[in-house]
Every structure is written in C-alpha cells, then in structure tokens.
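Let's have the full structure, built from the sequences with the hints guiding it.
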Amino acid sequence: MLKGLGGLADMGKMMKAAQDMQTKMAEMQDELNRVTVVGESGAGLVKATATAKGELTALDIDPSIFNADEKEIVEDLILAAIKDAQSKASDKSQEEIQKMTEGLGLPADMKLPF
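Throughout the sequence shown, residue numbering follows our numbering, covering 9 to 122 in sequence.
To be clear, the hints were calculated from the coordinates, so they are not data collected in a lab.
Only true hints are included.
Simulated restraints, written as ranges between beta carbons of each label pair:
(1) Asp70 with Glu35: 29 to 39 Å
(2) Leu67 with Asp99: 12 to 22 Å
(3) Ile81 with Asp28: 48 to 58 Å
(4) Arg42 with Asp68: 16 to 26 Å
(5) Ile73 with Ala34: 34 to 44 Å
(6) Asp68 with Ala25: 40 to 50 Å
(7) Ser72 with Gln30: 47 to 57 Å
(8) Asp84 with Asp18: 52 to 62 Å
(9) Glu110 with Leu67: 31 to 41 Å
(10) Glu80 with Asn41: 29 to 39 Å
(11) Met22 with Leu87: 42 to 52 Å
(12) Ala26 with Asp77: 58 to 68 Å
(13) Lys91 with Pro71: 16 to 26 Å
(14) Ser98 with Ala34: 13 to 23 Å
Straight-line Cα separation of at most 25 Å, SDA-like style, residue types lysine to any residue; simulated pairs:
(15) Lys107 with Asn41
(16) Lys91 with Thr59
(17) Lys100 with Met29
(18) Lys61 with Gly50
These numbers were taken from a predicted model, which means no experiment stands behind them.
The C-beta atom is built at its ideal place from N, Cα and C for all residues, glycine as well.
Written out as structure tokens, the structure reads:
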C-alpha cells in the first residue's frame, strides 16, 4: 500500500546528493581561483602567473631582454610564457576536478561543467 513512498525517500536522497555536489562544485570554483601556476619561457626570463582557471594575474619580465632590435623576440617570449601558464592552469584544473569527482564517488573520467 505504501510502496510508492520508497521512491520519494530515494528522490530525497538524490536531491540531497545533488545539493552536496553543487556546494562542492562552488567550493572547487573558489579553490581554482586561489591556486596559481607559473608559466615560463626563455629559461625563466619571462614568467606568467595565472590562476588554475587560466586568469592571468602577473607577468614578470627580466629587464635584460629589453632591446629595441629584439622586440619580436620579447613578444614571442611573453606569448610563450602566457601559453605555458594557461596549459599548466588547465592541467591543474583537471587535476583538482578529478580529486573532487573521486571524493564524490563519480567516475574519474566524468567531465564536469567548468
């Protein structure tokens, strides 16, 4: 007679699990904004710092590379450092997401919407 109520209890558990996952995803987003990575080029002459979400936060350029005749080289080094930081940010983000999915008991290869 009350067999249908078991489904409601399961639905309640699913809703609670969904809320927990949403909270953990929000925490992960905050964490990805706090974690930083540093990309380099030119043997460390140019360094780009970014959050794990890929937002560029700092650029450090060794003054020894400033030479008007080598403007294109400096530009290339800057772009290379930024690309390196973005690549590292993407890798770090995926690493953090994988930790979260494992903690939630989800498949390791599940792609979450970040």
